[in-house]
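S.K.: Residue strings, one per chain:
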Amino acid sequence: MSGPAEIELIGVDISHEDAPEVVLLHDVHWRIETGDWWVVSGGPASGKTSLLSTVAGLSPAAGGELRIFGREVVEATEQQQVEWRRHIGFVFEGGGCLFGNLSVLENVVLPLQYQGDLEPSEARERAEDLLALAGLRGYASLPPSRLGTALQRRVGLVRALSVPVRVLFVDNPLAGLAPSDARWWLEFLSDLTAQRAECNEPLTVVASSFDFDDWLGRASRFAVIGERGFQRLDDPEAIAAYREGNPSRGQGRPSV
Amino acid sequence: MTREVGVSQPFIESTGRRALGVARLFRELAAFALITLGVVVTKLGVSRRVVHPLVVSEIWDAGVRLLPLVSFLGIALGLLVIGQTTALLTRLGAQQFIGTVMVTVVVRELGPLLTAIVVLARAGTANVVELGTMRALGEVRALESLGIDPIHYLVMPRTLALAVAVFCLTTYLILLALLSGYCFAFLQGVPIKPGAYFGQLADALRWQDFVLLALKTSLFGVVIAVVNCYHGLARRLAIADVSEVTGRAVVHSVSGCVILDALFLVGYVFV
Numbered sequence: 082m083s084g085p086a087e088i089e090l091i092g093v094d095i096s097h098e099d100a101p102e103v104v105l106l107h108d109v110h111w112r113i114e115t116g117d118w119w120v121v122s123g124g125p126a127s128g129k130t131s132l133l134s135t136v137a138g139l140s141p142a143a144g145g146e147l148r149i150f151g152r153e154v155v156e157a158t159e160q161q162q163v164e165w166r167r168h169i170g171f172v173f174e175g176g177g178c179l180f181g182n183l184s185v186l187e188n189v190v191l192p193l194q195y196q197g198d199l200e201p202s203e204a205r206e207r208a209e210d211l212l213a214l215a216g217l218r219g220y221a222s223l224p225p226s227r228l229g230t231a232l233q234r235r236v237g238l239v240r241a242l243s244v245p246v247r248v249l250f251v252d253n254p255l256a257g258l259a260p261s262d263a264r265w266w267l268e269f270l271s272d273l274t275a276q277r278a279e280c281n282e283p284l285t286v287v288a289s290s291f292d293f294d295d296w297l298g299r300a301s302r303f304a305v306i307g308e309r310g311f312q313r314l315d316d317p318e319a320i321a322a323y324r325e326g327n328p329s330r331g332q333g334r335p336s337v
Numbered sequence: 365m366t367r368e369v370g371v372s373q374p375f376i377e378s379t380g381r382r383a384l385g386v387a388r389l390f391r392e393l394a395a396f397a398l399i400t401l402g403v404v405v406t407k408l409g410v411s412r413r414v415v416h417p418l419v420v421s422e423i424w425d426a427g428v429r430l431l432p433l434v435s436f437l438g439i440a441l442g443l444l445v446i447g448q449t450t451a452l453l454t455r456l457g458a459q460q461f462i463g464t465v466m467v468t469v470v471v472r473e474l475g476p477l478l479t480a481i482v483v484l485a486r487a488g489t490a491n492v493v494e495l496g497t498m499r500a501l502g503e504v505r506a507l508e509s510l511g512i513d514p515i516h517y518l519v520m521p522r523t524l525a526l527a528v529a530v531f532c533l534t535t536y537l538i539l540l541a542l543l544s545g546y547c548f549a550f551l552q553g554v555p556i557k558p559g560a561y562f563g564q565l566a567d568a569l570r571w572q573d574f575v576l577l578a579l580k581t582s583l584f585g586v587v588i589a590v591v592n593c594y595h596g597l598a599r600r601l602a603i604a605d606v607s608e609v610t611g612r613a614v615v616h617s618v619s620g621c622v623i624l625d626a627l628f629l630v631g632y633v634f635v
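Protein chains in written order, with this note's numbering: chain Z, 82 to 337; chain D, 365 to 635.
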């Protein structure tokens with residue numbers, strides 16, 4: 082255990098986010114520590130999105146004890162929940178669940194203004210800087226629907242990073258991407274975590290994926306969800322054995 | 365072979381089921397309204413640079429943009445109801461009741477209810493579709509993930525805006541209807557002078573009418589906003605569900621406004 086736990090699950094049951102009566106994972110024990118970079122692998126419909134959504138505090142756990150920043154979720158007041166939401170970023174799968182009635186720039190400005198109560202000009206300036214970091218400056222005035230899924234997902238990443246996040250959840254970011262786009266994501270996340278570590282503000286990343294192939298050498302921790310529930314893979318042999326037997330390996334796109 | 369579920373159920377059982385369903389809907393709507401009220405009270409000044417412009421924008425959509433339609437309806441109401449009623453009362457020699465009839469029919473009942481239905485049709489349904497689509501596409505969850513309270517960001521501006529819009533549009537519609545009504549009566553050759561007509565209206569109006577009109581129209585706006593936002597947001601939706609939910613929201617909004625109107629009728633009798 083290298084540091085304090087940002088998020089801790091003790092015997093948590095994970096239910097489907099749209100069908101709470103369907104429990105997908107039983108008795109999950111998981112400790113996410115400051116600065117960890119987790120990748121959770123699982124096949125389609127294995128429960129990756131529901132797991133991330135629950136761990137991020139967006140969906141209620143079906144049972145067990147979920148602690149976010151040291152506080153149990155069910156006991157937290159609304160104010161405490163609002164406070165920790167400011168430090169948890171979530172990048173949604175697919176097109177990133179962008180707000181369709183706002184432009185790309187406004188999608189990023191909204192959390193900046195809402196959370197920071199910034200002057201409109203200041204918020205726009207900061208949002209433009211963030212978009213430029215992700216190579217999206219030229220798309221600022223467009224509605225999200227005019228962008229392809231890969232770029233929409235990048236806007237979702239920028240939007241999640243517009244607030245001062247400590248833990249970033251990224252739901253299956255490489256699914257369906259061209260190798261160049263997948264490489265961009267991996268390099269962006271690597272650079273981001275390195276920069277934050279240098280500034281002594283470590284960023285914890287939790288990503289989901291169909292396989293580990295692209296993440297090896299970048300992520301620090303691995304876990305799988307499958308028939309036997311949630312399993313941590315703590316040693317290289319276990320990871321190698323999983324990769325050999327993973328039916329979802331390489332699913333959705335060619336390797337980076 | 366298909367089974368017809370429910371047809372063979374005893375009448376009492378199905379009626380009881382429906383009654384329970386209605387009671388559950390009332391309870392959920394009341395809870396949603398209370399949550400909204402709590403957010404309005406506690407977060408009115410929070411993130412004002414984001415939320416206050418939304419209130420203005422919603423007032424524009426639900427109020428200012430409806431002015432042409434409400435103008436048309438106000439003039440039509442004057443023609444259909446006031447002009448004819450004034451002419452009829454004059455022929456019967458009952459001109460002294462013109463003010464009372466106008467105030468009872470237009471100011472207390474038709475004006476507020478007609479405006480509420482227009483706002484529901486134009487802005488309320490648009491709200492259900494917009495919020496239902498946002499819910500179905502995961503945008504509401506995205507708001508939550510960013511620490512943005514959907515009630516604060518989506519429901520509160522609509523509730524405040526509709527309360528203001530229905531009140532202002534009703535006042536405008538009533539004034540226009542009373543004015544155009546006199547014009548049509550005048551054109552029909554009804555021998556009543558403007559001073560006498562408006563004097564009768566002024567005599568028939570009591571201070572309670574102004575208070576109850578403001579209260580009733582604002583509450584119509586609140587009912588429309590709360591019911592529509594509830595149907596758009598409160599349940600998990602798929603895109604295919606949005607049209608069905610919109611229809612249900614219209615029925616429940618109209619029912620809510622009529623029930624509220626009936627409660628105010630009691631108020632008019634006893635106040």
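Rather than coming from a laboratory, the hints here were simulated on the basis of the structure.
Hints may be right or wrong, so weigh each one.
[Unchecked claim] Quick list of the computed label-pair ranges, beta carbon to beta carbon: (1) 433(D) / 209(Z): 51 to 61 Å; (2) 603(D) / 259(Z): 49 to 59 Å; (3) 209(Z) / 547(D): 54 to 64 Å; (4) 298(Z) / 395(D): 31 to 41 Å; (5) 608(D) / 325(Z): 30 to 40 Å; (6) 163(Z) / 395(D): 57 to 67 Å; (7) 394(D) / 273(Z): 39 to 49 Å; (8) 433(D) / 92(Z): 37 to 47 Å.
Please read all numbers here as calculations on a predicted model, not as lab measurements.
Heads up, the beta-carbon is just placed ideally off N, CA and C, and yes, glycines get one too.
S.K.: Determine for every hint whether it applies to the structure shown.
M.R.: To see whether the hints hold, each was checked on the structure:
Checked against the given bound of 51 to 61 Å, the beta carbons of residue 433(D) and residue 209(Z), roughly 40 Å apart, lie outside it. At roughly 28 Å, the beta-carbon separation of residue 603(D) and residue 259(Z) lies outside the given 49 to 59 Å, and the hint is violated. The given range of 54 to 64 Å is respected by residue 209(Z) and residue 547(D), whose C-beta atoms sit roughly 56 Å from each other. Between residue 298(Z) and residue 395(D) the beta carbons are some 51 Å apart, a value that contradicts the proposed interval 31 to 41 Å.
Taken as a hint, the range 30 to 40 Å is violated for the pair residue 608(D) and residue 325(Z), whose Cβ atoms sit roughly 49 Å apart. About 20 Å separates the C-beta atoms of residue 163(Z) and residue 395(D), a value inconsistent with the hinted range of 57 to 67 Å. Evaluation of the 39 to 49 Å hint for residue 394(D) and residue 273(Z) yields a pass: the beta carbon distance comes to about 46 Å. At roughly 59 Å, the beta-carbon separation of residue 433(D) and residue 92(Z) lies outside the given 37 to 47 Å, and the hint is violated.
Consistency note: the structure conflicts with the earlier hints numbered 1, 2, 4, 5, 6, 8.
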